Amino acid sequence: MSDGIEYFEDIEIGRVLEFGSKKMERREIIEFAKKYDPQPFHIDEEAAKDSIYGDVIASGWHTGSVTMRMMVDHMVNDRAGLGSPGFNNLKFKLPVRPGDTLQVRSTVMDKKRSRSRPNMGTIFGLVEVLNQKGDVVMSFESLGMIKARTLGEDD
Amino acid sequence: MTKRYWEDFSAGQVEEFGRRTLTEDEIIEFATEFDPQFFHTDPVAAKDHFFGGLIASGWHTGSTLMRMMVDHQFANSSSMGSPGLDELRWVSPVRPNETLTAKSEVLETHPHPKRDDRGIVKFRHTVLNGDGDVKMTMISNVMFGRRPEEKA
Chain A
1 MSDGIEYFED IEIGRVLEFG SKKMERREII EFAKKYDPQP FHIDEEAAKD SIYGDVIASG
61 WHTGSVTMRM MVDHMVNDRA GLGSPGFNNL KFKLPVRPGD TLQVRSTVMD KKRSRSRPNM
121 GTIFGLVEVL NQKGDVVMSF ESLGMIKART LGEDD
Chain B
1001 MTKRYWEDFS AGQVEEFGRR TLTEDEIIEF ATEFDPQFFH TDPVAAKDHF FGGLIASGWH
1061 TGSTLMRMMV DHQFANSSSM GSPGLDELRW VSPVRPNETL TAKSEVLETH PHPKRDDRGI
1121 VKFRHTVLNG DGDVKMTMIS NVMFGRRPEE KA
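These protein sequence lines are chains A and B, in that order. Just so you know, we're using my numbering here: the first sequence kicks off at 1 and counts up by one. Just so you know, we're using my numbering here: the second sequence kicks off at 1001 and counts up by one.
Do not rely on the hints blindly, as some may be mistaken.
Pair ranges (Cβ atoms, derived) [said to hold, decoys possible]:
1) A:P118 <-> B:T1002: 39 to 45 Å
2) B:D1131 <-> A:K49: 34 to 40 Å
3) A:H74 <-> B:G1012: 40 to 46 Å
4) A:T101 <-> B:S1092: 32 to 38 Å
5) B:P1148 <-> A:D10: 55 to 61 Å
6) A:R27 <-> B:A1075: 36 to 42 Å
7) B:R1115 <-> A:P118: 36 to 42 Å
8) B:P1148 <-> A:N77: 35 to 41 Å
9) B:D1008 <-> A:G54: 39 to 45 Å
10) B:V1014 <-> A:H74: 28 to 34 Å
Derived by calculation from the structure, the hints in this document are not laboratory data. Please read all numbers here as calculations on a predicted model, not as lab measurements. Here a beta-carbon is modelled for each residue, glycine too, at the ideal position from N, C-alpha and C.
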């Protein structure tokens, strides 16, 4: 199609996209956590010194939300997406610290056309979030619903 | 309330807590920063979408659950953060002015495999609205410090 939007048939298994660059400022980490995750090791610089982390770290929900923003800016709007039912196996592998710069690596692992509604399908992805050293700080297995161009008789 | 340690959680424990209403302005504000898809940010355009109106970003719903968990379960505890979530499902859309509450069930607890000063609690959390409709479910793992006097 000429509109540049990708449908179920266009998504290739194995495709890897890397995108985004988001610096996590100290004040943003504390501000987000004060609203949504006010645990001492996210909001209190003094208390965080005595925690296992040694300084404030970003709430996992902040890292996840920032990841969503990078996915929307660079990937979601290019697809005929129909939302997501959720995700599996999210791992917080390393703390996200003030000043870290995050980017996303998204890999298409599999796709399945819906049996009950063959005009749509599910894309199974692996989303990895990396810091400026290239270390994976968070990963999860994404599920994305997407429209199909055809009813898939030829699949 | 006495401080809660890993030893204070056991499989089968159920708690219900929290009460939080997301307004249209709050839904738009969160999504403008973190999830700017039009059905999260534009109430007019959202009417023509298959959700039939503005809905909250799933990350907003999840973050709101986290706040309820911190306020009611973790505030006076030895919580040390989370290694991750096994599963999260956005079961039905969260719309403006719905009042959200949370239910927590402890699925299992086990000592940390490498560190004897902490343990892991596996929870299933459910976000519901005032009518008892399920909005989101999540299975998570949370690290808690062990009660000091019980350390070997």
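Is 36 to 42 Å respected by the C-beta to C-beta distance linking A:R27 and B:A1075? Check failed, 23 Å falls outside 36 to 42 Å.
Between B:P1148 and A:D10, does the beta-carbon spacing fit 55 to 61 Å? Since B:P1148 and A:D10 have Cβ atoms about 57 Å apart, the given range 55 to 61 Å holds.
Does the beta carbon distance between B:V1014 and A:H74 stay inside 28 to 34 Å, or does it fall outside? violated, 41 Å
Could you see if the CB distance from B:D1131 to A:K49 stays within 34 to 40 Å? violated, 45 Å
Distance restraint hint 36 to 42 Å, applied to the beta-carbon atoms of B:R1115 and A:P118: With Cβ atoms ~50 Å apart, the hint is violated.
Is 40 to 46 Å respected by the C-beta to C-beta distance linking A:H74 and B:G1012? holds, 44 Å
Is the gap between the beta carbons of A:T101 and B:S1092 within 32 to 38 Å? Holds: the Cβ-Cβ distance is about 36 Å, inside 32 to 38 Å.
Starting from the hint 39 to 45 Å, judge whether the C-beta atoms of B:D1008 and A:G54 obey it. violated, 26 Å
Honestly, do B:P1148 and A:N77 meet the 35 to 41 Å range at C-beta? This hint is violated: roughly 51 Å between Cβ atoms.
Do the Cβ positions of A:P118 and B:T1002 conform to the proposed distance bound of 39 to 45 Å? violated, 57 Å
Checked against the numbered hints listed earlier, the structure breaks hints 1, 2, 6, 7, 8, 9, 10; every other hint is satisfied.
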